[in-house]
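Trainee: Using the hints, position chain B against chain A.
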Amino acid sequence: MLWNQSVFRTTYADGDPGFTKDTNEIQSVLANVNNTGTTDYVGTIDQIYRDIYRDIQNTDNHDSLVRTKYIVIFFSDGLDNVPNSDQPRVNQTINAIEELVDMTVEAGVGSFAFHTFFLDGIEMSEDDHDDCVEIMQEMAETGHGQFRTFQNAGTIDFISIVDMRLTAEYEVKYLVAYNFNVVPGVDTLLIDSDGDGLSDAEERHPTSATWPATDPMLADTDGDGLSDFCELKLDNGNRDLDPTVFNQVCTDYLLPDGTYPDRDYDGLNDCEEYWKGTNAFHPDTDYDGIPDSVEFYAGTNPLENNTELDRDFDGDVDWFEVQRHTNVLANDPKVRARWSYNYDIVDLGIDPQMMYDGAIANMRRYDFNISNISVMNGLGSYVG
Amino acid sequence: MWGEERDLAPGDNVIRLFIAQVPEDMPDQLPVFRVADVMINFLGDVRTVVLYPADFQLLE
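Those protein sequences? They're chains A and B, same order as listed.
The letter at position 352 of the first sequence is residue 353 when you use our numbering, and the numbering goes up by one with no holes.
The letter at position 41 of the second sequence is residue 297 when you use our numbering, and the numbering goes up by one with no holes.
One thing to keep in mind: the hints can contain errors.
[What the hints assert, rightly or not] Simulated pairs of lysine to any residue, SDA-like, Cα-Cα distance not exceeding 25 Å: (1) A:70 / B:282; (2) A:70 / B:285; (3) A:335 / B:270.
Calculated from the structure, these hints are not laboratory results.
Excised from the complex, chain A in its bound form:
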């Protein structure tokens, strides 16, 4: 798709407008593009926004958006020079790109990049030239793209300049199995009937004399939206958060059916994420591959991507202990020796698969075998 004052749209084989890989179609559209002499940064970016937004909305299978890649290459040979406008409209331009980036992120698009290419050589003052380079650099930075300058636009090889590939192979960054009803202790495993992160024993007999006993069969004893474990971990010591007292802390999140939403399905509801400071729209706030809920329950920091920490100095780094379901916060040689999960992962290579639209996609297959996951005889639990 090409934008140049007016929009030059490529079409599918059936004549409907849309993105295409057909080189003949692209060539025919290119033939219609010419430079009109006016450069409208904001208007062009707004049009790009509308077209990408429409393309996202028209996606039949929204699961495919995480594998979708949008690449915008913005050419200019001069400053934004729309008549009767303030020159240059820097703030509007940067804001427009920020909105474009935000829109693709919120839609769950896998990758978006806004590249800017300055076609140098047009006669202009030195100040205008410097302004143009500066704003296009800022535009590329805002759009997570690259800025390039060219003296001659006739022989630009885009593929070697920016990452234009339309496919990318995904690899497994992290794999974790987590039994929410078993808590790794120091010398043994502990039952957690309601899966709230506190063992039944801790709920009945709190280790702190100032902390109240809670119901081991009810994850949120007071029903205020914050689990017992969450209130214990996030309380400031003054008992502002009390797991036995209904606080009005999550009232704004309560749904009509009496539940609390977990929009990223990571195991922490949106209110708990607010209090913890994690992202309620993505299951992995710090991008380390370990979901926020698993980090929170296991005792690592979901806000910090640090794969080197070994906070209990037992020789196993935290991410490894989380994966093996051993105690991250205590030297636990017995637990690690007897109850550590075993992972066996085999790469089976590329396997062609028929996709929903009939196309063939080469997908990498893995065979996972996870063993030695302990199960325990909990009391059961009920939803309050």
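Mentor: Chain B only, in chain A's frame:
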């Protein structure tokens, strides 16, 4: 604890499997997650569960 609230019977254990994937050339990008839940009862006979790709839900 998990996205949908539910009662658990005595002996129930909820095991959640997360797979985080990233493009191999951009490993620091936001991971894509697939997740599957397995329910195992301590008092039951099932001790081995086989999962297939269709058992995993893509988180967005």
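Trainee: Could you run down the list of hints and mark each one as holding or not?
Mentor: Here is how each hint holds up against the structure:
1. Distance hint between residue 70 of chain A and residue 282 of chain B is fulfilled; the C-alpha atoms sit about 13 Å from each other, no more than 25 Å.
2. The straight-line distance between the Cα atoms of residue 70 of chain A and residue 285 of chain B is roughly 13 Å, inside the 25 Å bound, and the hint therefore holds.
3. Pair hint residue 335 of chain A plus residue 270 of chain B holds up; C-alpha atoms about 24 Å apart against a cutoff of 25 Å.
When the structure is compared with the earlier hints, no violation turns up for any of them.
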